[in-house]
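There are 2 protein chains.
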Amino acid sequence: MIGVGLIGGSLARALRKAGAVREIIGASRNAAHLQKAVDFGVIDRFDTDVATAVQGADMVFVAVPLGAMRGVFDAINGVLAPGAVVTDGGSAKAAVVEDLQAACGQTPPWFVPGHPIAGTEQSGVEASFAELYQGRRVILTPLPETDATATARVRAMWEAAGAIVNEMDVGHHDEVLAATSHLPHILAFTLVESLARMSEKREIFEYAAGGFRDFTRIASSDPVMWRDICIANRDAILAMLDHFGQDLQVLGSAIRNHDADSILRIFQDAKTARDAFTVTTGTTAE
Amino acid sequence: MIGVGLIGGSLARALRKAGAVREIIGASRNAAHLQKAVDFGVIDRFDTDVATAVQGADMVFVAVPLGAMRGVFDAINGVLAPGAVVTDGGSAKAAVVEDLQAACGQTPPWFVPGHPIAGTEQSGVEASFAELYQGRRVILTPLPETDATATARVRAMWEAAGAIVNEMDVGHHDEVLAATSHLPHILAFTLVESLARMSEKREIFEYAAGGFRDFTRIASSDPVMWRDICIANRDAILAMLDHFGQDLQVLGSAIRNHDADSILRIFQDAKTARDAFTVTTGTTAE
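Chain order of the listed sequences is C and R. Going by my numbering, the first sequence opens with residue 1284, and the numbers climb by one from there. Going by my numbering, the second sequence opens with residue 1284, and the numbers climb by one from there.
Since the hints were made in silico from the structure, they are not lab data. Treat the hints loosely; a few may be bogus.
Identical chains share a label here; the pair holds if one copy fits it or two copies do between them.
Heads up, simulated DMTMM-like pairs for lysine to aspartate or glutamate below, C-alpha to C-alpha not over 20 Å straight-line [as the list claims (entries may be wrong)]:
| no. | residue 1 | residue 2 |
| --- | --- | --- |
| 1 | LYS1554 | ASP1497 |
| 2 | LYS1319 | GLU1409 |
| 3 | LYS1319 | ASP1332 |
| 4 | LYS1554 | ASP1505 |
In this text, all values refer to a predicted model and were calculated from it rather than measured experimentally.
Construct the entire structure; sequences and hints are all you get.
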């Protein structure tokens, strides 16, 4: 378990609860964090040297910010046990695959790119819990070079943690996530920063209600992680930003021109889609 | 109680629970809705004619969409009991005051413009509950012509319902609400409509997680109410949209230019402001 925060810690807890692991070894640069993970019972032991930590492991999960992926791949390439499988939890897959190829000089068969569509605005092992992936989707984006057995083992791991596993290609993943996750986070961060700068005394926030609280909850997410996502999935995010910016201008023009019918049509279509989404996901744990 | 939906119905329930009312008379054009409100015990009786309903009332609360305010003011002007006080729950105050002045030919002393900062994405009397205003803010925007006794009575009414009452001028209210409520709703509606149009089979929504659900919850709000708000608070909303659009372009440029430091600074400032907001409002009921 390279990186034992919300994502790695929750997977460790889920697999242990399911009886699907023997020993879980944590690795990262921060010994204090890792000791906390041991104290919580999330991992059994740790090593601050990644190359040492992965020796003898049959499954390696990389749950570090996207900006730290390349360093991990450099460290583990060549020291893995025969038959070991490596997968990750990064939110942008093309960038992870590029880092992997740069570190290994080729596309190794033992790496299965993955992304659990779950999380909270919290971070750190303190926030981890065994049920995080229950009923949630995990997307795997295996490459033509990826060993089918490796993909099957990663799928089985996530299913043991309670997740629903889908496969799609790297590019499609990055577009879908830019739309449903990266753009919303960017809008929430930008709105809150914009309002905070407008209002010196933060008086403006005193009159915000529940809708604002829900809308901006994701602006409490980890800034480093989201900076890395913006850099890593740049092209898909810029395309979505452009698309959204045009739609926002259309609505702005309708408001400027008192075009009540166009405004109503946009809001009605949005409500229809959002109400349908509520029904689809209404049975999940959250 | 003119309009017995989420806002009017919840106030009726709260005042009855507090023992602050004798008889509550509902008015709107829809007898079936009003009968439902009687069946739920929210109102005591109703009249589909507004002018008849307000006769003898000592307090009138107007809780209709902004587009219906003018018709209500036309109907009640001249038929109110001596000493009767009228207030409203509209989300944009300048537009309500304009409608009032147009209906009355002057600014009457008996009207206290008001706005409870509370609500859910639900609507209708079925969604109303007595605790909606508990610990929530209500903004009153009395005018120079408004009778101070009338303002005090409206304040006392909201305090009986559990709310915290603040006063500010009409223009400041409309700017603050454009920032913290109207803009977020517009962004959520636009994003969901934009994604729904991109994804014919709605496949895109299947991979959305809890962050997206929270962010877009307000896109399930009543389209007619929000169309009316966009028209009524047009100037303040367009100013905020412009301000936000510029900030979004700044972030887009930073992403395009791989300017990791600028991205991080924006996200960190947003997280700081949003985390402070969580603390401030952490004690409220919701």
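Verification of the supplied hints:
{"no.": "1", "hint": "LYS1554 to ASP1497", "result": "both (16 Å within a copy, 14 Å between copies)"}
{"no.": "2", "hint": "LYS1319 to GLU1409", "result": "within (8 Å within a copy, 48 Å between copies)"}
{"no.": "3", "hint": "LYS1319 to ASP1332", "result": "within (17 Å within a copy, 67 Å between copies)"}
{"no.": "4", "hint": "LYS1554 to ASP1505", "result": "between (30 Å within a copy, 8 Å between copies)"}
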